[in-house]
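Peer 1: Sequence:
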Amino acid sequence: MKFLQLNEDILAVILLFVDNSSAKQLSVTCQALFPLATCHLVRAPAFALHSDQVRAFKRFLLSDRGRIWIPYLRRIAISSEACHKPRGLGSAEFLYASLDYGLPSVLAEIIEEARNLARIELSYTEHLLVHGPRLRRALVNHGGIESVTFSDAGLLAKRTLSGMSRLRSVSLSTTYPSDVVTVLAPHASTLRSILIVNTNPRASATGYEEDAEKTRAEETIEVPQDISFPNVTEMWMYRLCMSDEDFARVFPKARRCIACQPA
Numbered sequence: 175m176k177f178l179q180l181n182e183d184i185l186a187v188i189l190l191f192v193d194n195s196s197a198k199q200l201s202v203t204c205q206a207l208f209p210l211a212t213c214h215l216v217r218a219p220a221f222a223l224h225s226d227q228v229r230a231f232k233r234f235l236l237s238d239r240g241r242i243w244i245p246y247l248r249r250i251a252i253s254s255e256a257c258h259k260p261r262g263l264g265s266a267e268f269l270y271a272s273l274d275y276g277l278p279s280v281l282a283e284i285i286e287e288a289r290n291l292a293r294i295e296l297s298y299t300e301h302l303l304v305h306g307p308r309l310r311r312a313l314v315n316h317g318g319i320e321s322v323t324f325s326d327a328g329l330l331a332k333r334t335l336s337g338m339s340r341l342r343s344v345s346l347s348t349t350y351p352s353d354v355v356t357v358l359a360p361h362a363s364t365l366r367s368i369l370i371v372n373t374n375p376r377a378s379a380t381g382y383e384e385d386a387e388k389t390r391a392e393e394t395i396e397v398p399q400d401i402s403f404p405n406v407t408e409m410w411m412y413r414l415c416m417s418d419e420d421f422a423r424v425f426p427k428a429r430r431c432i433a434c435q436p437a
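The letter at position 9 of the sequence shown is residue 183 when you use the numbering used here, and the numbering goes up by one with no holes.
Derived from the structure by calculation, the hints contain no laboratory data.
It should be emphasised that the depicted structure is a prediction, and the values quoted were computed from it without experimental measurement.
In this text, a Cβ means the ideal position worked out from N, Cα and C, and glycines have one as well.
Where hints are given, some of them may not hold.
What the hints assert, rightly or not - Below, computed lysine to any residue pairings styled on SDA-like, alpha-carbon distance capped at 25 angstroms:
hint	residue 1	residue 2
1	427	412
2	427	367
3	427	359
4	232	253
5	427	410
Unchecked claim - Simulated restraints on C-beta separations:
hint	residue 1	residue 2	range
6	401	251	27 to 37 angstroms
7	218	239	14 to 24 angstroms
8	230	290	16 to 26 angstroms
Sequences are here, hints too, so could you generate the full structure?
Peer 2: This is the structure in structure tokens:
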């Protein structure tokens, strides 16, 4: 029996879309394998197809037979593809016309129930939070999430980050990165790892465009005098500027893994 060698996508099809009789038969024929495989699936689901997969997972997890697996859920990853409707528009100009506006509430229900959830990874984060006040509340009120990855983060994503607690690892891609130190200040004592990516299309790979002072200013991280991250050991920056003096003061234990220096 090679059931345990199946990848997570195949397990998802088997465990989420079979009827009750088939699930019962599977549990009878594989009494040792079924719970082990289910634990493996539920522990860290990654949704990359479309939002229907997320909804199917929610129905399974919050059903009578699925609730026993909620404590095993430790990580959720939502890719950009999962934010689209199955038959969404493909043209980049109409991207937001094809985004699924019901997905945030579905995610919120899962997060509210999954008290052992420790890691969340979201694409189109700002879109999800703008259309999901319940999702914002679920993230802020959870209290157990330690690792966050927010892509396409804007004002609401930053506010949500500031309102969360006990964060140990943050990965953030944003077009307005200059205030990230202030945004992450509430987590100064707990953070261990930070990755910041400047997605401003005007940003250059060297940190700023030559003779473009405005762009350079937008790529320089603001560093308040009273903020320090004493426990951060890894600080990754891309298309951002910070002086050696500020870096040493704000991140005294960090090694600069990727950094773009001002001239």
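Peer 1: Run every hint past the structure and note whether it holds.
Peer 2: Hints and how they fare:
1. 427 x 412: 19 angstroms, holds
2. 427 x 367: 11 angstroms, holds
3. 427 x 359: 16 angstroms, holds
4. 232 x 253: 16 angstroms, holds
5. 427 x 410: 13 angstroms, holds
6. 401 x 251: 27 to 37 angstroms: 30 angstroms, holds
7. 218 x 239: 14 to 24 angstroms: 20 angstroms, holds
8. 230 x 290: 16 to 26 angstroms: 21 angstroms, holds
In this structure, every one of the numbered hints holds.
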